[in-house]
Amino acid sequence: IQMTQSPSSLSASVGDRVTIACRARQAIGYSLAWYQQKPGRAPKLLLAASSKLQGGVPSRFSGSGSGTDFTLTISSLQPEDFATYYCQQYFSTPFTFGGGTKVEIK
Amino acid sequence: EVQLVESGGDLVQPGSSLRLSCAVSGFIFGDYAMHWVRQAPGKGLEWVSGISRTTGSLGYEDSVRGRFTISRDNAKNSLFLQMNSLRAEDTAFYYCVKDIGSSGYYFDYWGQGILVTVSS
Chain A
9 IQMTQSPSSL SASVGDRVTI ACRARQAIGY SLAWYQQKPG RAPKLLLAAS
59 SKLQGGVPSR FSGSGSGTDF TLTISSLQPE DFATYYCQQY FSTPFTFGGG
109 TKVEIK
Chain B
26 EVQLVESGGD LVQPGSSLRL SCAVSGFIFG DYAMHWVRQA PGKGLEWVSG
76 ISRTTGSLGY EDSVRGRFTI SRDNAKNSLF LQMNSLRAED TAFYYCVKDI
126 GSSGYYFDYW GQGILVTVSS
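Chains as they are written, first to last, in my numbering: chain A, 9 to 114; chain B, 26 to 145.
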């Protein structure tokens, strides 16, 4: 199942609200996870089941969507949030990731 | 503390074979599915293969099917990836990844990654 993220990159300032979109080529229900990856580090799980925040993840992160269209929102961007974000579908194998969205400092 | 430590990465020539290993600790290995995810330098994430807790394969990414084989040894808390007929496009960091469940969902713990370079 092809996963398409948009935009591929964005520039934002601390305090901005940021939204990242992820679209699945076919319906995947709520079987979507979001990861954050910083340079030189392994990815970190942020949300699963489209909107379920994982333990220890700040509440400024939220997710929504079902079927084919999903969004990750950061309500107020913090300095530590500058990273690359990936969506991943686990509806069926082969599991697939979106191409990533790099959030850069404006 | 959950730990996943990959080993076996190397610089090899096209057509060669390599076996990656992942030693895990900090959780009951036999209760969870496990995966390999790779990332070419400067590129995005790509799921390579997964295996259920009972050693049943969850499948392979199209480009590695028939060349790579995933396996596990629950008694030794270890995950493996046998890679044959390696190609330049297999060059990547390979991450050993723990599933949140027993049969394949999403990934809650990742190793630090091990570099495989395929080049003549």
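Treat the hints as calculated values from the structure; they're not laboratory data.
Model, not experiment: these values are computed from the prediction.
Please note that the accuracy of each hint is not assured.
Pairs of lysine-lysine residues, derived as DSS-like cross-links and limited to a Cα-Cα distance of at most 30 Å, are as follows [to be verified]: (1) A:LYS114 to B:LYS68; (2) A:LYS110 to B:LYS101; (3) A:LYS60 to B:LYS101; (4) A:LYS114 to B:LYS101; (5) B:LYS101 to A:LYS52; (6) A:LYS114 to A:LYS52; (7) A:LYS110 to B:LYS68.
Ranges between beta-carbon positions, derived for each pair [to be verified]: (8) B:ALA65 to A:GLN10: 15 to 25 Å; (9) A:PRO47 to B:GLY51: 41 to 51 Å; (10) B:GLY51 to A:ARG33: 28 to 38 Å; (11) B:PRO39 to A:GLY37: 34 to 44 Å.
All C-beta atoms, glycine included, are put in the ideal place defined by N, C-alpha and C.
**OP:** May I ask which of the numbered hints given earlier this structure violates, with the numbers listed in increasing order?
**Re:** 2, 3, 4 and 9
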